[in-house]
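Q: One-letter residues, chain by chain:
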Amino acid sequence: MPWTREQMAERAAGELQEGFYINLGIGIPTLVANYIPKTLRVVLQSENGMLGIGPFPRENEVDPDLINAGKQTVTELPYTSYFDSATSFAMIRGGHIDLAILGAMQVSEQGDIANWMVPGKMVKGMGGAMDLVAGVKRVIVLMEHNVKNEAKLVKKCSLPLTGSKVVNKIITDLGEFEFRPDGLTLTALAPGVTADEVKAKTEASYKIALQ
Amino acid sequence: MPKLHKNATEALAGLLKDNMTIAAGGFGLCGIPEHCIEAIKQSGVKGLTIVSNNAGVDGFGLGKLMEKGQIRKMISSYVGENKLFAELFLAGKLEVEFNPQGTLAERMRAGGAGIAGFYTRTGVGTVVAEGKEVREFDGNKYVLERGIVADLAIVKAWKGDEEGNLVYRRTARNFNPLAAMCGRATVAEVEELAPIGTLDHDLIHTQGIFVQRLFKGEKFEKRIEQRTTRAA
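Sequences listed follow chains D and B, in order.
If you're matching positions, the first sequence starts at 23 in my numbering and goes up one per residue.
If you're matching positions, the second sequence starts at 5 in my numbering and goes up one per residue.
Please note: incorrect hints may appear among the correct ones.
Below, simulated DSS-like cross-link-like pairs (lysine-lysine); rule was C-alpha separation at most 25 Å, straight line [to be verified]: (1) Lys136(B) x Lys163(B); (2) Lys143(D) x Lys97(B); (3) Lys178(D) x Lys143(D); (4) Lys50(B) x Lys93(D); (5) Lys50(B) x Lys21(B); (6) Lys177(D) x Lys68(B); (7) Lys72(B) x Lys45(B); (8) Lys72(B) x Lys146(D).
Label pairs and their in silico Cβ distance ranges [claimed, not checked]: (9) His205(B) x Ile48(D): 54 to 62 Å; (10) Lys136(B) x Glu219(D): 41 to 49 Å; (11) Ala120(B) x Glu172(D): 38 to 46 Å; (12) Ile200(B) x Val84(D): 31 to 39 Å.
Which stretches of chain D does chain B cover? Using the computed rule of at least three CB atoms under 8 Å from a CB of chain B, they are [as the list claims (entries may be wrong)]: (13) 95–104; (14) 147–161; (15) 212–223.
Note that these hints are calculated values from the structure, not bench results.
Built from N, CA and C at the ideal position, the CB exists for glycine as well.
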């Protein structure tokens, strides 16, 4: 049984450490917030200018001046702070954010990531994705292993890059991969998924060191 | 010259011309200068280059200026929420220059601070770096990005005083202080006009030196893009 989106998010939450400042992308990464252990203090950063994102508001708490980077209404916490966009990206580009968890369309065996543009389709823009992958200390990608039978973990990205050699870890529905000094390595398999199945569904070359 | 004006039309008088560059604050529809945008629409000025993180939505925010074909070019990081934008872009009637969000913010800050350019790691190895100088510092590659100075900046604040000192509220701050810095002339709209001396001098976000004109907006619509709530 491959991992569900929720299980992928739960595994990613296992990467969090006490005191971490983290930025969660849109899509599966947003679900990670639901699995942060209550005993762990981590602070969520939103690139539109907020450190310490609270839960969604109750109906009577909705405030148009208080949104996250996905433009959803949110609430503040006792330790929340606000700032302008240049300060926000000083946190991101200056290496002050410990971890970013992002979605991707493709990741290459060198750690390149493509997640902002498909040639020929309407381009919406990269938002803060290029700044995040270039600036934060550690980048984890959460993505489906295949889309319509096409491998997303590839030898070389065919889509325009968001960043080059920036990904540290990938969690898919089939398993986990780490970028180690000696290259891309498969480190975990979802229950019932075999190494052969992963091999058949992956274009990138990788080593295997199951933990 | 008193900075305080009655409304957006009066505050923008004499500042608008065809083919100018305008920097606008706001993230999505949060903290956008909605009265200035409406007044620019009414003025009919065209051929505009707009520096703004986003491009509004259909019929609101900068989407209003797009409807009247007043915008020639957008410099933005994300424009996904606007169908008319897509149509105009695909028809070749609208130019767009995508900047990474942090690069856009820093370009505005730098332009306002008299810094012609800066090197950043963001965008190295991507289309963003094409045609730009890439230089190595301490073993890492950085791309040269230029500061932006706009002919006019339009910003929205929560409170302001006659001197032009501004205070923003929560995440409605976003690009507003940076837009205010990078405008050769900056017009601010505020929700509340604070009597001189009542804003805490230690807690001013944009200092009056960056603001040439301001006015109190009559009624702010403050539209919400993604209303998300939890059960009570």
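Q: None of the hints should be skipped; say for each whether it holds.
A: Quick rundown of the hints versus the structure:
| no. | hint | verdict |
| --- | --- | --- |
| 1 | Lys136(B) x Lys163(B) | 40 Å, violated |
| 2 | Lys143(D) x Lys97(B) | 17 Å, holds |
| 3 | Lys178(D) x Lys143(D) | 21 Å, holds |
| 4 | Lys50(B) x Lys93(D) | 29 Å, violated |
| 5 | Lys50(B) x Lys21(B) | 8 Å, holds |
| 6 | Lys177(D) x Lys68(B) | 45 Å, violated |
| 7 | Lys72(B) x Lys45(B) | 8 Å, holds |
| 8 | Lys72(B) x Lys146(D) | 21 Å, holds |
| 9 | His205(B) x Ile48(D): 54 to 62 Å | 39 Å, violated |
| 10 | Lys136(B) x Glu219(D): 41 to 49 Å | 43 Å, holds |
| 11 | Ala120(B) x Glu172(D): 38 to 46 Å | 44 Å, holds |
| 12 | Ile200(B) x Val84(D): 31 to 39 Å | 33 Å, holds |
| 13 | 95–104 | holds (count 4) |
| 14 | 147–161 | holds (count 9) |
| 15 | 212–223 | violated (count 0) |
Checked against the numbered hints above, the structure breaks hints 1, 4, 6, 9, 15 and satisfies the rest.
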